[in-house]
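There are 2 protein chains.
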Amino acid sequence: MAVGEASFDFYPVPGVRLAAVAAGIRKSFEGSHESKAHDLVLLEFAENSTTVGVFTKNLFAAAPVQIGKAHLKQRDARYFLINSGNANAATGEEGNQDALRCCEAMAEVSGVSYAEILPFSTGVIGERLPTEKIIRSLSELFGGLDPSKWLLAAKGIMTTDTRPKIASRRFNVCGTTVTITGIAKGAGMVQPNMATMLAYITSDVICTKDLLQDILVRAVNCSFNRITVDSDTSTNDSCMLTATGKTLVDLGDPAAQELFLLELNSLMQELAQGIIRDAEGATKFVTINVEGAPNRQVCLDVAYAIANSPLMKTAIFAGDANWGRIVMAIGKADIDIDVSRVDVYLGDVCLMRGGAKASNYREVDGANVMAEEEIVIRVNLNSGDFSDTVWTSDLSHEYVKINAEYRT
Amino acid sequence: MAVGEASFDFYPVPGVRLAAVAAGIRKSFEGSHESKAHDLVLLEFAENSTTVGVFTKNLFAAAPVQIGKAHLKQRDARYFLINSGNANAATGEEGNQDALRCCEAMAEVSGVSYAEILPFSTGVIGERLPTEKIIRSLSELFGGLDPSKWLLAAKGIMTTDTRPKIASRRFNVCGTTVTITGIAKGAGMVQPNMATMLAYITSDVICTKDLLQDILVRAVNCSFNRITVDSDTSTNDSCMLTATGKTLVDLGDPAAQELFLLELNSLMQELAQGIIRDAEGATKFVTINVEGAPNRQVCLDVAYAIANSPLMKTAIFAGDANWGRIVMAIGKADIDIDVSRVDVYLGDVCLMRGGAKASNYREVDGANVMAEEEIVIRVNLNSGDFSDTVWTSDLSHEYVKINAEYRT
Numbered sequence: 001m002a003v004g005e006a007s008f009d010f011y012p013v014p015g016v017r018l019a020a021v022a023a024g025i026r027k028s029f030e031g032s033h034e035s036k037a038h039d040l041v042l043l044e045f046a047e048n049s050t051t052v053g054v055f056t057k058n059l060f061a062a063a064p065v066q067i068g069k070a071h072l073k074q075r076d077a078r079y080f081l082i083n084s085g086n087a088n089a090a091t092g093e094e095g096n097q098d099a100l101r102c103c104e105a106m107a108e109v110s111g112v113s114y115a116e117i118l119p120f121s122t123g124v125i126g127e128r129l130p131t132e133k134i135i136r137s138l139s140e141l142f143g144g145l146d147p148s149k150w151l152l153a154a155k156g157i158m159t160t161d162t163r164p165k166i167a168s169r170r171f172n173v174c175g176t177t178v179t180i181t182g183i184a185k186g187a188g189m190v191q192p193n194m195a196t197m198l199a200y201i202t203s204d205v206i207c208t209k210d211l212l213q214d215i216l217v218r219a220v221n222c223s224f225n226r227i228t229v230d231s232d233t234s235t236n237d238s239c240m241l242t243a244t245g246k247t248l249v250d251l252g253d254p255a256a257q258e259l260f261l262l263e264l265n266s267l268m269q270e271l272a273q274g275i276i277r278d279a280e281g282a283t284k285f286v287t288i289n290v291e292g293a294p295n296r297q298v299c300l301d302v303a304y305a306i307a308n309s310p311l312m313k314t315a316i317f318a319g320d321a322n323w324g325r326i327v328m329a330i331g332k333a334d335i336d337i338d339v340s341r342v343d344v345y346l347g348d349v350c351l352m353r354g355g356a357k358a359s360n361y362r363e364v365d366g367a368n369v370m371a372e373e374e375i376v377i378r379v380n381l382n383s384g385d386f387s388d389t390v391w392t393s394d395l396s397h398e399y400v401k402i403n404a405e406y407r408t
Numbered sequence: 001m002a003v004g005e006a007s008f009d010f011y012p013v014p015g016v017r018l019a020a021v022a023a024g025i026r027k028s029f030e031g032s033h034e035s036k037a038h039d040l041v042l043l044e045f046a047e048n049s050t051t052v053g054v055f056t057k058n059l060f061a062a063a064p065v066q067i068g069k070a071h072l073k074q075r076d077a078r079y080f081l082i083n084s085g086n087a088n089a090a091t092g093e094e095g096n097q098d099a100l101r102c103c104e105a106m107a108e109v110s111g112v113s114y115a116e117i118l119p120f121s122t123g124v125i126g127e128r129l130p131t132e133k134i135i136r137s138l139s140e141l142f143g144g145l146d147p148s149k150w151l152l153a154a155k156g157i158m159t160t161d162t163r164p165k166i167a168s169r170r171f172n173v174c175g176t177t178v179t180i181t182g183i184a185k186g187a188g189m190v191q192p193n194m195a196t197m198l199a200y201i202t203s204d205v206i207c208t209k210d211l212l213q214d215i216l217v218r219a220v221n222c223s224f225n226r227i228t229v230d231s232d233t234s235t236n237d238s239c240m241l242t243a244t245g246k247t248l249v250d251l252g253d254p255a256a257q258e259l260f261l262l263e264l265n266s267l268m269q270e271l272a273q274g275i276i277r278d279a280e281g282a283t284k285f286v287t288i289n290v291e292g293a294p295n296r297q298v299c300l301d302v303a304y305a306i307a308n309s310p311l312m313k314t315a316i317f318a319g320d321a322n323w324g325r326i327v328m329a330i331g332k333a334d335i336d337i338d339v340s341r342v343d344v345y346l347g348d349v350c351l352m353r354g355g356a357k358a359s360n361y362r363e364v365d366g367a368n369v370m371a372e373e374e375i376v377i378r379v380n381l382n383s384g385d386f387s388d389t390v391w392t393s394d395l396s397h398e399y400v401k402i403n404a405e406y407r408t
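Sequence lines, in order, name chains X and W.
Mapping the first sequence onto our numbering, position 162 (from 1) lands on 162, and the numbers just tick up by one.
Mapping the second sequence onto our numbering, position 385 (from 1) lands on 385, and the numbers just tick up by one.
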């Protein structure tokens, strides 16, 4: 039910190897995708790689998020051990011990320190992690490491996703080739507050930890922090960026950094939009542009008020140009603007001008835009110079069905 | 599809007469309820009645809301002229003129000043009000005024409601009988921010305007301002309270006021809960109690985070005791609490104690609670003395269907 085509092409990244196995963590393997049996994934990074991350702000941040953040402070990461099917969230001290036990077992198999292993989990909240299933699969997992297994890894981290999300860039910096490749998962419980469910982005550039963190935060703020499926923020959101340093390109050089940022932003937006295109039950891909705002927060308040309105989302599902619901959603945002200056566009069609229905608006024009699979809603507040963009999906019967049946 | 039985019994209120006609404002009359043809309602109050109101905080407050607030400042209201089928919202200056024109015509028919008429509208946003249809129905409407037509009036203000909401109390104050009777409408676009869609409450007590306003605000804050269907705030929310002064009971007397407040709160909660029981597509009635909070805002932030979570609402629809989603919702609230103190109950069943799954929790116990039509979710933050309650409904296939097809 995903919106639009997806590309699964990618470039391997020097210094990165991957593996995935079926450890039997998921309760059922009857997913629509034959590769859904894979539920345990390993990413390996060359020695001296630099890894940074941003993590969920949900108060009930899952055990692996807490352990991972602690490990990242102590050592540079050599391995990401990722399971789907179980979130290891709201599991208390036992959950921490479970995550730690898996790291220790992985350390033994791979011959590194446990603090060089970052654990990640995604799936059902509140159930104990099946550590035995994980630990007994680690040798097979480690033995399968290969630089080309990106697509298998992308499939292995999926939960309600119907297709893997992978994006890749190869470009030239002063005669040297640089690669960025990333994977992500997420389809519901998506209104990231720092990052989305799980995203792993790697490159072969050289970069200090502080600079890499700064670059990641900036890129997250115009990609994963600009999407919503259902206004719900996961307990397990993590977005990681690793630089293996296998090229001679150093991001400390301003020209290299600028080029890298352009490519990274584009790649991360592709992954973030990939999550929305594959959102639970999505039949539409919706871009919401808010411009003419007095500051950035007003842009986001208005954009998310529209993007998260169940009434707006059902109208979009129905292809109904019910522009009154856009107006209602703007109006419920907790902001202070002059409504008599507000213009609203659906695609290129002006629905509202100066706070009232545009005199030349015809229902058929709005309906034509709404019939498309990809829809742009543009709000001009005419009250300042700030603009921003949020991407979202519609609210369909399928969304209710998927989430009513999630644990059955 | 409403949850539970509703009572349609009521006591007429001395000093109040009502009427309803079919003016042809609604596009279609194929509602499930035979009385859905009625779409124009008149409430008449005796001379020297006192009327107060609270109104939506949506920035795009509808034309009738703006006109009504202005009239209320000038004169005491003698008539409420209410139409369903068209919200007269986001209609700009033309919308104001349309509302005013209806008031002037009603003033002519009834022989009072136009400022003694308050207009109310509910229905589709962004369409011009069909003033001609309204104006030509006013004589018939006025001629039909009768003290007993409460149920007809309650039906006449319905939109997607499947049944009318009416509540009534008769009680004794120092030997004198006092009556309160009210009607309300609302089923979707319900997260009132001051009041819900439309509610009209009347009594025969004597009261000054300032005191009556104070009483109404207090009662709204524990009734209509504690419900949500879909987190969407209507442009037309209005809640009115009128005292006709036909008894000898004066609310300036503290004992009388205390008794009156008890009965009014109970009546307004019944109406507010009636809206949730009849919420669009509702199959469950959900009470969310948050206690042990450091202040009231934290209670409401947590309660609404749960009540408005699409993932929580679909789990409730499915009868799935997916308590991880409760945890996720609490965690996404923008509050500062110690999560290791949080207890969560589903009915009497403890799901979470001290921030992790309760050791003796059994899935079957949670499932038994979730199978009921009425569900109580209780969160104890163990971090203070404040508590509050919010009522909500589930998110069903029917909700999507109703709102995808609303204008077709």
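Check each hint, because a few of them may be wrong.
Same chains, same label: a pair holds when it works inside one copy or across any pair of copies.
What the hints assert, rightly or not - Keeping only pairs whose Cα atoms sit at most 25 Å apart, straight-line, the calculated SDA-like set for lysine to any residue is:
no., residue 1, residue 2
1, K57, A358
2, K401, P130
3, K57, E291
4, K401, P147
5, K246, H397
6, K69, G355
7, K73, A115
8, K69, D214
9, K57, N380
10, K246, D385
11, K69, S340
12, K57, S383
13, K73, G143
14, K209, N265
15, K73, R170
16, K246, R75
17, K69, Y114
18, K69, I206
19, K246, S266
20, K57, D301
21, K209, N221
22, K57, S340
23, K69, L259
24, K57, Y345
25, K69, I337
26, K57, A333
27, K401, A358
Since the hints were derived computationally from the structure, they do not count as laboratory data.
Since the model is a prediction, treat every value here as computed from it, not as a measurement.
Structure-based check of all given hints:
no., hint, verdict
1, K57 - A358, "between (41 Å within a copy, 24 Å between copies)"
2, K401 - P130, "neither (27 Å within a copy, 39 Å between copies)"
3, K57 - E291, "between (27 Å within a copy, 23 Å between copies)"
4, K401 - P147, "neither (38 Å within a copy, 47 Å between copies)"
5, K246 - H397, "neither (48 Å within a copy, 52 Å between copies)"
6, K69 - G355, "between (47 Å within a copy, 20 Å between copies)"
7, K73 - A115, "within (9 Å within a copy, 69 Å between copies)"
8, K69 - D214, "within (16 Å within a copy, 51 Å between copies)"
9, K57 - N380, "between (30 Å within a copy, 21 Å between copies)"
10, K246 - D385, "neither (42 Å within a copy, 58 Å between copies)"
11, K69 - S340, "between (48 Å within a copy, 19 Å between copies)"
12, K57 - S383, "between (31 Å within a copy, 20 Å between copies)"
13, K73 - G143, "neither (28 Å within a copy, 79 Å between copies)"
14, K209 - N265, "within (18 Å within a copy, 59 Å between copies)"
15, K73 - R170, "neither (30 Å within a copy, 68 Å between copies)"
16, K246 - R75, "within (19 Å within a copy, 79 Å between copies)"
17, K69 - Y114, "within (13 Å within a copy, 67 Å between copies)"
18, K69 - I206, "within (22 Å within a copy, 64 Å between copies)"
19, K246 - S266, "within (22 Å within a copy, 71 Å between copies)"
20, K57 - D301, "both (18 Å within a copy, 16 Å between copies)"
21, K209 - N221, "within (18 Å within a copy, 50 Å between copies)"
22, K57 - S340, "between (36 Å within a copy, 16 Å between copies)"
23, K69 - L259, "neither (29 Å within a copy, 57 Å between copies)"
24, K57 - Y345, "between (33 Å within a copy, 24 Å between copies)"
25, K69 - I337, "between (40 Å within a copy, 20 Å between copies)"
26, K57 - A333, "both (22 Å within a copy, 10 Å between copies)"
27, K401 - A358, "neither (38 Å within a copy, 29 Å between copies)"
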